[in-house]
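Q: For reference, the chains in residue letters:
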Amino acid sequence: MSEIEIEQLDIDDLTLTGEQYLLFNVAADTYAIPVTQIREIIEYTEPTQVPMTPDFVSGIINLRGGAVPVINLACKFEQDQQEITKRTCIIIAEVDGSENKRILGCLVDKVQQVRDIPEEAIEPAPKLGSTIDTRFIKNMAKINERFIIILDINNVLSLEELEIVEMMQENSLDV
Amino acid sequence: MNSEMDENLSIFISEGNELLEDMESALLDLESNPNDSESMNRVFRAAHTIKGNAGLFGYDQIIDFTHIMESLLVEVRNGIVPITSDLVSLFMRSKDIITSMMDSLVGSGEVDQNDLDEATKLLEHYLADPHAAALAANPCDEDGSATQVETPTGIFTINLKLGTETFRQGFSIKAIFRELNELGVITSANLFMPDIPKLDEIDPESCHLSWLLLLESSCQKQAIADIFEFMDDCEFHILSPESKTEEYKKIISLLPNGEAVIGQILVTSGALTEKELQTALDRQKETGSRTGDILVEQGDVQPEVLESAIAKQQQTRAASSQSIEFLRVNASKLDTLINLVGELVINGERVSGLTENIDDDKLAEAVTEMNETLEEMRETALGLRIVPIDGVFKRFNRTVRDTSNELGKQINFEISGGETELDKTVAEKITDPLTHLIRNAIDHGIEKPSERELNNKPPEGHVALSAYHETGSIVIKVSDDGKGLNKEKISNKAIERGLIKQNDKLSDSEIYNLIFEPGFSTAEQVSNISGRGVGMDVVKRNIESLRGNINVESEEGIGTNVIIQLPLTLAIIDGFLICTENEDFVIPLDMVVECLRLTKEQTKEMEKHNYINLRGEVLPLIDLKKHFCLPKTLENEPETKNVIVVQHSGKKTGLLVDSLHGEVQTVIKPLGKIFQNLKGFSGFTILGSGNVSMIIDVSSLITDASEKQRDSFMNQPHGQNSNETISSESAEI
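Here the protein sequences line up with chains P and C, keeping their order. Quick note on numbering: our numbering labels position 37 of the first sequence as 37, and the sequence is numbered without any gaps. Quick note on numbering: our numbering labels position 665 of the second sequence as 1665, and the sequence is numbered without any gaps.
Next comes chain P alone, as it looks inside the complex:
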């Protein structure tokens, strides 16, 4: 963990009114998730593959005796797959499932920092022109003339979708 370098962004007008977010990189873009939804960040360990699941499911890892499914965000966002480096991390996030909270891991290329994003810097999600599925985007934040995508993590990792995709995958194999 100590080897992860925190890259500081230059921020104008830093205020403490907004919510705190974790900023991280997947492929070329910077994304953010509210820290309240993050349980911890761990170093990359190679997940165990789970056969017959969609490609974006990297597999499961052992998190202190429990199995945590890991989602490859680059794959989920249909972005170019990056090589595994020492900066590759797994963010352990809490997702509100249909019944109760679930723990899921997100494979990301680099974790940047935790910072406040002032409310005035947050803009609604665009309907068009985004590189990823707009359902995954909760808001956009403009910091220092750069756009950061605030993810709707519940949608990204929505369980129902995972299950449906899984079933589709299985059915397609049968044919």
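Because the hints were derived from the structure by calculation, they are not lab data. A portion of the hints provided could be inaccurate.
As a list, the in silico PhoX-like pairs of lysine-lysine whose alpha-carbon atoms are at most 25 angstroms apart [as the list claims (entries may be wrong)]:
no., chain 1, residue 1, chain 2, residue 2
1, C, 1708, C, 1501
2, C, 1487, C, 1477
3, C, 1608, C, 1625
4, C, 1483, C, 1457
5, C, 1429, P, 101
6, C, 1333, P, 101
All values derive from a computational prediction rather than experimental measurement.
Chain C: place on chain P using the hints.
A: Relative to the frame of chain P, chain C by itself:
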């Protein structure tokens, strides 16, 4: 405060439910054997404890109702009211009412007021007129029951010393005497005033009076003590009449072996009141002499009664040294403990891995010792959740009794293998499906007595419930000797419902398994017990959700067996570690029959057919890497391939893998909801290295593979050669 209350409530409820369950099984025992005093006592104890617990929380409804029930139970225990089937049914009904009262406390369900009123009335009827009720129930036994009703009258000696505060607390001597007069006749009253203070120190509001009273009455000792109950600083001793001595001795000898304290034995028998005991115990602390001696000295009990109580105490002590003590623990705490132990074991293995290269004998010794302890700890921890299935099985006695009474069928219900152990969660979830199967067996399986006699069968139907362990799973069997399943009827119904086609050729077991299809019922008449066809599919679904499977065997006219096979989840299983395409998988060792090594030529040969010749038998193969669609990680195919032969429901199947890594001990952990649709795996485990490995569920893997095989066979034109895992070769097998 609130949460504490909730916690207490939940303890009350869970303990209450346990007691009620015990009461029910005791009632059933009592019905078949009315002279069983131990069962009688179990019923009584359960009612009494529930009343006591309810009293602690002030649940008046439960207190009032159990009080009536308890009063009647006392009469029954003393042989005044005979035990009849009607009476047992009434107690059963009362038990159900108490259950619903407890449910209503936690907001689930409501108490049926009519039912409650009616049951109360019935209980009171028995109570008010035991003789008449007994006569009505058992008219021939007139003389026997009549003599037992007489309670002998005797003279109680009451030594009453009123406390100085008596008047200030608002008690009136007149009222005390009036109450005593209601119980019997005061034949003599001697007033003592031993410690009257000097005249100038007298406080007119203080009481310094003592009496020695002789009361002629047929009441119980406790009834007298109740009069003085609230007079805190009053000291009293009641010596029961000689005539009662025999009665107490008899009750003491009938007491269950459970209470080892002499005072408690006396209190339970009625020879001593709680308050007298408390006073005696207080004095014992001061003087140090024996409780029994103090009691006789104080004039609370006769020496003879004390002797029989001492004899009982010794008997009890001998018995209690054999009984096992139990502790009630919150299940989630256990789960946490088990998880923690699991983590500890994994970390322990990591530590031993890290220290392997350090040349230090003492360190190595310490690590080995630690690992041994950890291993033992893990086994013990995992064993904590394992319970015998007996607890589940016993509940069905009631189901059988009620169902058979309702249908007018005689059932001989037999339970075996109750000691078979399984995980508590599985045990809990299996209750509903089993209830359904048993009711089905009685309703559909067993014929009416008249019909049975025509078929040369004993009029009494036989239903058996058994459990045993088999190859890493637990097997539960529900069998009956009824009419069996009618294949023709099932086929016709299935054709009618469009489940199969007119000219489909089905094997017997395939036909029987049609009954698990949703909405399937061959019963011509829908009864309130079964026949709506909304059951067997639910049963099947429940079993499958436990990763088990269910099968039916039947022979027309002879009977039906329903066989449920369930995995022993969460148990430590011995696994066999295999590797294919750099992915590790664990196969439960119990499933493994043997391992084979194939040469490259054999492998090629095998790839054409998907089966090999194993000592003259056809061994179908599943290539795991193809079945699981694993990506290729190795440049070259390994020279030799390994086949691990597994056995499932009597059939052998080979799994083709890259390499074999031998035995490992594993703990099955569930995969979680996300992967619930994933077939072929029963869970995952964490290997010593800290890596996660999937555990292959052999039975569902084979089912899944054969389904895929069938689908691919149906979707592909015959003869087309395909590289798919499972191809048309199946037709040749």
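Q: Does each hint hold? Answer for all of them.
A: Checked hints:
{"no.": "1", "hint": "1708(C) with 1501(C)", "verdict": "holds (22 angstroms)"}
{"no.": "2", "hint": "1487(C) with 1477(C)", "verdict": "holds (21 angstroms)"}
{"no.": "3", "hint": "1608(C) with 1625(C)", "verdict": "holds (16 angstroms)"}
{"no.": "4", "hint": "1483(C) with 1457(C)", "verdict": "holds (10 angstroms)"}
{"no.": "5", "hint": "1429(C) with 101(P)", "verdict": "holds (24 angstroms)"}
{"no.": "6", "hint": "1333(C) with 101(P)", "verdict": "holds (20 angstroms)"}
The structure shown violates none of the earlier numbered hints.
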